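Chains X and H, in that order, are what the protein sequence lines are. Using full-length UniProt numbering, the letters of the first sequence map in sequence onto residues 1 to 372. Using full-length UniProt numbering, the letters of the second sequence map in sequence onto residues 1 to 372.
Incorrect hints may appear among the rest.
Just so you know, same-sequence chains aren't split out, so a pair can sit in one copy or run between any two.
Restricting the straight-line Cα-Cα distance to at most 30 Å, the calculated cross-link-like pairs of lysine-lysine (BS3-like) are [to be verified]:
1. K226 to K252
2. K231 to K252
3. K68 to K48
4. K48 to K362
These are calculated hints, taken from the structure and not from any lab test. Here the structure is a predicted model, which is why all the values come from computation and not from measurement.
Number of protein chains: 2
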Amino acid sequence: MQVSELFVSAPGKAILHGEHAVVHGKVALAVSLNLRTYLRLETSTTGKVCINLPNIDTFFCWDVSELKQLITYSHVMRAVFKFLCMKRSLVFTLCFIFSELPSLTVSVWSELPTGAGLGSSAAYSVCLAAALLSASGAIPTPLKEWDHTGRWCQEDLELINSWAFQGETIIHGNPSGVDNAVGTWGGMLRFLAGKIIPLNRVPLLRILLTNTKVPRSTKVLVARVKDKINKFPSIMTPVLDSVDAISCTCEKVLSEMTCEPITGEHYNILEELIDINQHHLNVMGVGHPTLDTLCQVTRTRGLHSKLTGAGGGGCGITLLRPETDYSVVQSTVQDLRDCGFDCWETSIGGPGVQQHSPLSIKEESLEILRRY
Amino acid sequence: MQVSELFVSAPGKAILHGEHAVVHGKVALAVSLNLRTYLRLETSTTGKVCINLPNIDTFFCWDVSELKQLITYSHVMRAVFKFLCMKRSLVFTLCFIFSELPSLTVSVWSELPTGAGLGSSAAYSVCLAAALLSASGAIPTPLKEWDHTGRWCQEDLELINSWAFQGETIIHGNPSGVDNAVGTWGGMLRFLAGKIIPLNRVPLLRILLTNTKVPRSTKVLVARVKDKINKFPSIMTPVLDSVDAISCTCEKVLSEMTCEPITGEHYNILEELIDINQHHLNVMGVGHPTLDTLCQVTRTRGLHSKLTGAGGGGCGITLLRPETDYSVVQSTVQDLRDCGFDCWETSIGGPGVQQHSPLSIKEESLEILRRY
Numbered sequence: 001m002q003v004s005e006l007f008v009s010a011p012g013k014a015i016l017h018g019e020h021a022v023v024h025g026k027v028a029l030a031v032s033l034n035l036r037t038y039l040r041l042e043t044s045t046t047g048k049v050c051i052n053l054p055n056i057d058t059f060f061c062w063d064v065s066e067l068k069q070l071i072t073y074s075h076v077m078r079a080v081f082k083f084l085c086m087k088r089s090l091v092f093t094l095c096f097i098f099s100e101l102p103s104l105t106v107s108v109w110s111e112l113p114t115g116a117g118l119g120s121s122a123a124y125s126v127c128l129a130a131a132l133l134s135a136s137g138a139i140p141t142p143l144k145e146w147d148h149t150g151r152w153c154q155e156d157l158e159l160i161n162s163w164a165f166q167g168e169t170i171i172h173g174n175p176s177g178v179d180n181a182v183g184t185w186g187g188m189l190r191f192l193a194g195k196i197i198p199l200n201r202v203p204l205l206r207i208l209l210t211n212t213k214v215p216r217s218t219k220v221l222v223a224r225v226k227d228k229i230n231k232f233p234s235i236m237t238p239v240l241d242s243v244d245a246i247s248c249t250c251e252k253v254l255s256e257m258t259c260e261p262i263t264g265e266h267y268n269i270l271e272e273l274i275d276i277n278q279h280h281l282n283v284m285g286v287g288h289p290t291l292d293t294l295c296q297v298t299r300t301r302g303l304h305s306k307l308t309g310a311g312g313g314g315c316g317i318t319l320l321r322p323e324t325d326y327s328v329v330q331s332t333v334q335d336l337r338d339c340g341f342d343c344w345e346t347s348i349g350g351p352g353v354q355q356h357s358p359l360s361i362k363e364e365s366l367e368i369l370r371r372y
Numbered sequence: 001m002q003v004s005e006l007f008v009s010a011p012g013k014a015i016l017h018g019e020h021a022v023v024h025g026k027v028a029l030a031v032s033l034n035l036r037t038y039l040r041l042e043t044s045t046t047g048k049v050c051i052n053l054p055n056i057d058t059f060f061c062w063d064v065s066e067l068k069q070l071i072t073y074s075h076v077m078r079a080v081f082k083f084l085c086m087k088r089s090l091v092f093t094l095c096f097i098f099s100e101l102p103s104l105t106v107s108v109w110s111e112l113p114t115g116a117g118l119g120s121s122a123a124y125s126v127c128l129a130a131a132l133l134s135a136s137g138a139i140p141t142p143l144k145e146w147d148h149t150g151r152w153c154q155e156d157l158e159l160i161n162s163w164a165f166q167g168e169t170i171i172h173g174n175p176s177g178v179d180n181a182v183g184t185w186g187g188m189l190r191f192l193a194g195k196i197i198p199l200n201r202v203p204l205l206r207i208l209l210t211n212t213k214v215p216r217s218t219k220v221l222v223a224r225v226k227d228k229i230n231k232f233p234s235i236m237t238p239v240l241d242s243v244d245a246i247s248c249t250c251e252k253v254l255s256e257m258t259c260e261p262i263t264g265e266h267y268n269i270l271e272e273l274i275d276i277n278q279h280h281l282n283v284m285g286v287g288h289p290t291l292d293t294l295c296q297v298t299r300t301r302g303l304h305s306k307l308t309g310a311g312g313g314g315c316g317i318t319l320l321r322p323e324t325d326y327s328v329v330q331s332t333v334q335d336l337r338d339c340g341f342d343c344w345e346t347s348i349g350g351p352g353v354q355q356h357s358p359l360s361i362k363e364e365s366l367e368i369l370r371r372y
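Okay, chain X solo, but in the shape it has when bound:
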């Protein structure tokens, strides 16, 4: 063990374009969502491994000796701990990274709502992998003394990502790998036919993230789209092609925005793409009255929204232009909260996993992370 206290964070994920179409071989664009999960790792001499997840009121401590047995009987424990996904992920990772089981306390605090399709489990897995790999000395800690945040080099990120993917596999069974890749690399990535390509440079875009809090089953929604394609192949196939073109056009515009002066027209196009895709998603049958409400409420403020992820409720994103007034943002957020939604002002395209100095973490988050 090389560190006594380590802070890391990883972003959530949003699908900018291509949700559902990706299932049918089309391009999807996944972006980092700057609602982050923060993890504090503290080494101790208690002979215990403690994990604190205050977001979900979950606090566990095990004796290191107890965990050792878990390695041997891991196939039994997989079933026993099935309902405790995050714990299993921790234990699994611990067992493989450290040659000798250490005693330590891990506290996690997330700005992300869980189970909303925003990659909260991946952000957790990425943080855990980064913290444990760093604490074990498998990769260096990138934070320089004079910096507030530090990023790992490409090679280290690949190791973090592969461990995070293992965590996701335990949690989800058969993850696409998109969520952990976004949590690791941040920015934006292109997802096509199972291949994940991180995109070099993307602009940071201000958004509102709205959670309609309508529960939905991704599996049911994916099946619904499939049924509709089977029912109306000649009508639906072109819609998927159009979504594919939306993703490609969006990628092109975002890339232009990083290498030429950003203009209002760039934002106009991004808004048009959002509107078109939202209609296409409705055509696929994954809309929801609450999402219509989101679009309507934001449109009265001149803002453009689409669902993100599975749809049928869940979350939506609203693009904010650089010139959008603070007052407009505040009143829109209030309107959406009045609809019963959760709503955050945040950004997409920000950095992936990073190490933090305590100073770079919001005081209330730091207080929570250190409380346990």
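Please arrange chain H on chain X, whose structure you already have, making use of the hints.
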């Protein structure tokens, strides 16, 4: 002159699917709209030609001798009478159909709103052509003594249609020929790359026709769609393909409904096609907040709507299922009127131009037609 009093009517037109896409080489389906224009022709010995258009508060009488000059100086009069399109149409038709100018009174009463893209001028031209051709003896009057309505044979309909097209040319300059064809043949017709194919049998469908009364310019809307296709060809071309497939699927379903027992699933599909196309029309940029309101209001009653025609306001149609309760229809109509819209319960797919016995015309319409 063979008749002293003759009643004819012709239906309006609605686009069921394919508006705008038809401009880009895709299939459109035009259907007869059972809001009809009624025309009464009465021969007289006054030496005058009178035309009464109470819908638009327009009443004219000319001496037959005056009209004779109009033939000679028709190229001058075309300019003079440019603002009196309907009068010009009448005069033009009169001059060519009759070898000797007759004295007669024509009264027209229409259930169709004018200038709403519902083919009101074509219904007028079709009625005028049918009445004058019949009155002159160029075609027989098809009404049998014991019948309430009579339809001309195919050959006569073709003559009526070609004269109606001439009227439309005077009124519109460069008409597509769709409106007069629907007014003549009724039912449904397929329009593709300038070719008009009347479809043999279609079911009569109950609908609501709603006029948002938002004025719009078809030319501006057509240009808007073209601009969007030029701006996003890879995104928009598939949308047009999808609309094309919607028209073809709809045609297939309607044809099935005439040769097999009509089921709820037939209506489910028609509703799904309406919803998908309305989204596509929004994608093309020809939606309007009032049309969104129409869709929302009807959806709360379980009914499905789309714009018809140019969009950007204008009219929308709402499909009624056979089992839709009278009370549901009435409250929906009331809701839509409360939004400031005009709304009629009517049907699509009904007969084209027909001759009427006075008994088959609603009393209030008959009263108006005979008043002048």
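- [ ] Report the numbers of all earlier hints that the structure fails to satisfy, in ascending order.
- [x] none
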